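Listed here are the chains, written in short residue letters.
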Amino acid sequence: MSTPISGKLNRDQMAWRVAQDIPGGSYVNLGIGMPEMVANHLPDDRQVIFHCENGILGMGPVAAPGEEDFDLVTAGKKPVTAVAGAAFFDSANSFAMIRGGHLDIAVLGAFQISAAGDLANWSTGDAGTTPAVGGAMDLAQGARDVFVITEHTTKDGAPKIMPQCTYPLTGAGVVTTVFTDLAVIDIHKDGPVVREIANGLSFDDLQALTGATLTLDADCKALSAPAF
Amino acid sequence: MIIDKRVPTLADAVQGISDGAVVAISGFGEAGNPTELVHALVEQGASDLTVVNNNAGTGQLGLAKLLAAGQVSKVICSFPRSAKSVVFQDLYKAGKIELEVVPQGTLAERLRASGAGIGGFFTPTSASTPLAEGKETRVIDGKDHVLELPIRADVALIKADKADPWGNLTYRKAARNFAPNMAMAAALTIVQARVIVGLGDIDPEQVVTPSIFVDRIVEVSDPVSEAAALLEQANA
Numbered sequence: 015m016s017t018p019i020s021g022k023l024n025r026d027q028m029a030w031r032v033a034q035d036i037p038g039g040s041y042v043n044l045g046i047g048m049p050e051m052v053a054n055h056l057p058d059d060r061q062v063i064f065h066c067e068n069g070i071l072g073m074g075p076v077a078a079p080g081e082e083d084f085d086l087v088t089a090g091k092k093p094v095t096a097v098a099g100a101a102f103f104d105s106a107n108s109f110a111m112i113r114g115g116h117l118d119i120a121v122l123g124a125f126q127i128s129a130a131g132d133l134a135n136w137s138t139g140d141a142g143t144t145p146a147v148g149g150a151m152d153l154a155q156g157a158r159d160v161f162v163i164t165e166h167t168t169k170d171g172a173p174k175i176m177p178q179c180t181y182p183l184t185g186a187g188v189v190t191t192v193f194t195d196l197a198v199i200d201i202h203k204d205g206p207v208v209r210e211i212a213n214g215l216s217f218d219d220l221q222a223l224t225g226a227t228l229t230l231d232a233d234c235k236a237l238s239a240p241a242f
Numbered sequence: 063m064i065i066d067k068r069v070p071t072l073a074d075a076v077q078g079i080s081d082g083a084v085v086a087i088s089g090f091g092e093a094g095n096p097t098e099l100v101h102a103l104v105e106q107g108a109s110d111l112t113v114v115n116n117n118a119g120t121g122q123l124g125l126a127k128l129l130a131a132g133q134v135s136k137v138i139c140s141f142p143r144s145a146k147s148v149v150f151q152d153l154y155k156a157g158k159i160e161l162e163v164v165p166q167g168t169l170a171e172r173l174r175a176s177g178a179g180i181g182g183f184f185t186p187t188s189a190s191t192p193l194a195e196g197k198e199t200r201v202i203d204g205k206d207h208v209l210e211l212p213i214r215a216d217v218a219l220i221k222a223d224k225a226d227p228w229g230n231l232t233y234r235k236a237a238r239n240f241a242p243n244m245a246m247a248a249a250l251t252i253v254q255a256r257v258i259v260g261l262g263d264i265d266p267e268q269v270v271t272p273s274i275f276v277d278r279i280v281e282v283s284d285p286v287s288e289a290a291a292l293l294e295q296a297n298a
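Respectively, the protein sequence lines represent chains A and B. Here the first sequence is numbered in the numbering used here, starting from 15 and rising by one per residue. Here the second sequence is numbered in the numbering used here, starting from 63 and rising by one per residue.
These are computed hints drawn from the structure, not numbers from a lab. A portion of the hints provided could be inaccurate.
[Said to hold, decoys possible] Covered stretches of chain A (in silico footprint by chain B; criterion: 3 or more residues with CB under 8 Å from a CB of chain B, positions within the stretch not fixed):
{"#": "1", "region": "56–69"}
{"#": "2", "region": "92–104"}
{"#": "3", "region": "144–152"}
{"#": "4", "region": "175–184"}
{"#": "5", "region": "233–242"}
[Said to hold, decoys possible] Using 25 Å as the maximum straight-line C-alpha spacing, the simulated PhoX-like pairs for lysine-lysine come out as follows:
{"#": "6", "chain 1": "B", "residue 1": "Lys158", "chain 2": "B", "residue 2": "Lys127"}
{"#": "7", "chain 1": "A", "residue 1": "Lys203", "chain 2": "A", "residue 2": "Lys235"}
{"#": "8", "chain 1": "B", "residue 1": "Lys224", "chain 2": "B", "residue 2": "Lys235"}
{"#": "9", "chain 1": "B", "residue 1": "Lys136", "chain 2": "B", "residue 2": "Lys158"}
{"#": "10", "chain 1": "B", "residue 1": "Lys158", "chain 2": "B", "residue 2": "Lys146"}
{"#": "11", "chain 1": "B", "residue 1": "Lys146", "chain 2": "B", "residue 2": "Lys235"}
{"#": "12", "chain 1": "A", "residue 1": "Lys203", "chain 2": "B", "residue 2": "Lys224"}
{"#": "13", "chain 1": "A", "residue 1": "Lys92", "chain 2": "B", "residue 2": "Lys127"}
{"#": "14", "chain 1": "B", "residue 1": "Lys155", "chain 2": "B", "residue 2": "Lys127"}
{"#": "15", "chain 1": "B", "residue 1": "Lys146", "chain 2": "A", "residue 2": "Lys92"}
{"#": "16", "chain 1": "B", "residue 1": "Lys146", "chain 2": "B", "residue 2": "Lys136"}
{"#": "17", "chain 1": "A", "residue 1": "Lys92", "chain 2": "B", "residue 2": "Lys235"}
The structure displayed is predicted, hence computed values, not measured ones. Cβ atoms here follow ideal geometry from the backbone N, Cα and C, with glycine treated the same way.
Given these sequences and hints, build the entire structure.
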């Protein structure tokens with residue numbers, strides 16, 4: 015769309031919006047990239063324990079310059095810190111936490127999401143790219159809730175929320191909620207339901223930017239976030 | 063007979079690794095990589111190796127050096143596409159190396175299963191994805207599951223923090239990752255430890271890998287860290 019949408023969120027606002035839906039006391043895994051930004055936007059009084067699949071519960075902020083310890087890194091291999099109350103464990107145990115349904119929420123990025131909550135976020139199927147999956151499939155299948163944070167469309171304006179994914183799947187029927195720069199969309203049994211929509215955007219406008227058929231929640235609210 | 067699994071040198075530690083061996087190498091990125099043991103394997107020269115690691119080597123040291131030496135014919139890993147995994151990417155794109163991509167949790171559990179004598183397991187991970195193609199599937203509790211088989215390693219190269227002469231091990235922070243699972247999965251588990259302490263100096267309550275899973279230990283008191291070195295260069 016050529017006209018700017020007044021209520022469109024920037025990346026920090028998107029991360030802030032996701033953080034608002036993470037209840038206190040949750041065990042949460044943040045995927046690499048934009049999901050990591052969610053940790054910066056949790057309310058100060060809300061305690062959440064971050065899980066890192068390479069063997070950390072109680073992951074803290076990124077290590078300050080000069081304080082880096084390369085035995086303590088994120089899934090993206092960035093030096094990080096551990097909070098008081100943290101625990102270390104081996105990879106099989108770490109994925110038992112994920113796969114065994116102990117992890118409350120995984121926040122992941124996406125290439126595509128289908129109407130049925132299928133997630134594609136590990137491969138575009140491009141033969142020239144070396145395949146690499148990491149922990150994405152385990153997180154998608156294992157976490158009780160899978161929150162996706164993503165721009166509503168690709169850089170070229172193509173929809174990312176599709177009737178069906180055209181890219182190879184990470185997991186089928188796994189997504190709980192999609193948080194975009196334009197809307198908050200819950201994946202219900204009968205399809206995607208718009209819970210919040212950006213100011214300056216009608217439901218029809220949003221539908222035009224979405225491949226899958228949307229339903230408007232009767233209580234749909236304005237999507238808003240503080241300025242960052 | 064006194065049990066003492068210490069060996070004097072890195073060369074002694076990797077002695078006897080044969081061509082065609084399946085070698086599990088601990089570490090996640092650089093955390094927990096037994097870089098000195100891998101370099102000893104480069105010197106030792108075994109070839110046609112299948113390497114099991116979470117990644118496929120970064121930078122120029124450790125696994126990247128083993129790959130560059132042409133000693134590896136196949137890599138089993140979850141994520142070979144890190145920004146600095148140049149050596150692997152070049153070999154892969156040139157068709158000179160085989161790759162089996164395994165979801166990270168499935169990789170850990172296949173190693174654990176091997177060490178625990180489990181003949182395979184059904185997991186929901188990778189159901190309905192290309193990584194499940196050709197694998198047996200079953201619906202359990204209404205959910206699609208995929209059969210995954212154990213990874214039996216001939217050798218594990220492990221980095222630990224403390225070891226005692228029997229081979230009880232502790233690790234440091236997130237450098238633990240795959241090491242305990244690989245130590246279980248291998249017929250021959252070789253450990254480089256930052257420090258070898260006396261028998262009884264590791265509190266039995268604190269032992270992470272019990273000695274039964276360990277065969278050889280060598281002390282490497284000041285292991286190289288390529289990431290730390292690069293950071294120092296960048297800050298200089």
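For each hint, the structure was consulted:
A count of 4 residues in the region 56–69 of chain A with a Cβ less than 8 Å from any Cβ of chain B is obtained; the coverage claim is therefore met, three being the minimum. Residue count for the region 92–104 of chain A with a Cβ under 8 Å from a Cβ of chain B: 4. That meets the three needed, and the coverage hint holds. With a threshold of 8 Å between beta carbons, the proposed coverage of the region 144–152 of chain A by chain B holds, since 9 of its residues qualify and at least three are required. Coverage of a stretch by a chain is defined here by at least three residues with a beta carbon nearer than 8 Å to that chain's beta carbons; for the region 175–184 of chain A and chain B the count is 3, and the condition holds.
Judged by the Cβ-Cβ criterion of 8 Å, the region 233–242 of chain A is not covered by chain B as claimed, because only 0 of its residues qualify and three are needed. Taking the CA atoms of Lys158(B) and Lys127(B), the gap is near 15 Å; set against the 25 Å cutoff, the hint holds. Pair hint Lys203(A) plus Lys235(A) holds up; C-alpha atoms about 21 Å apart against a cutoff of 25 Å. Of the pairs offered as hints, the one joining Lys224(B) and Lys235(B) holds, with about 12 Å between alpha carbons and a cut-off of 25 Å not exceeded.
Between Lys136(B) and Lys158(B) the CA atoms are separated by roughly 9 Å; this keeps the pair inside 25 Å, and the hint holds. Of the pairs offered as hints, the one joining Lys158(B) and Lys146(B) holds, with about 19 Å between alpha carbons and a cut-off of 25 Å not exceeded. Distance check on the hinted pair: Lys146(B) and Lys235(B) sit about 23 Å apart at the alpha-carbon level, within 25 Å; holds. For the hint pairing Lys203(A) with Lys224(B), the CA-to-CA distance comes to about 52 Å; that exceeds 25 Å, so the pair is violated.
Taken as a hint, the Lys92(A) and Lys127(B) pair is honoured in the structure, with Cα atoms around 22 Å apart against an allowance of 25 Å. A hinted pair counts as satisfied when its Cα atoms are at most 25 Å apart, and Lys155(B) with Lys127(B) qualifies at roughly 17 Å. Of the supplied pair hints, the one linking Lys146(B) and Lys92(A) holds, its CA atoms being roughly 13 Å apart against a limit of 25 Å. Our distance criterion of 25 Å between C-alpha atoms is met by Lys146(B) and Lys136(B), whose separation comes to about 19 Å.
At most 25 Å may separate the alpha-carbon atoms for a hinted pair to count; Lys92(A) and Lys235(B) meet this at roughly 14 Å.
This entry does not satisfy hints 5 and 12, going by the numbered hints stated previously.
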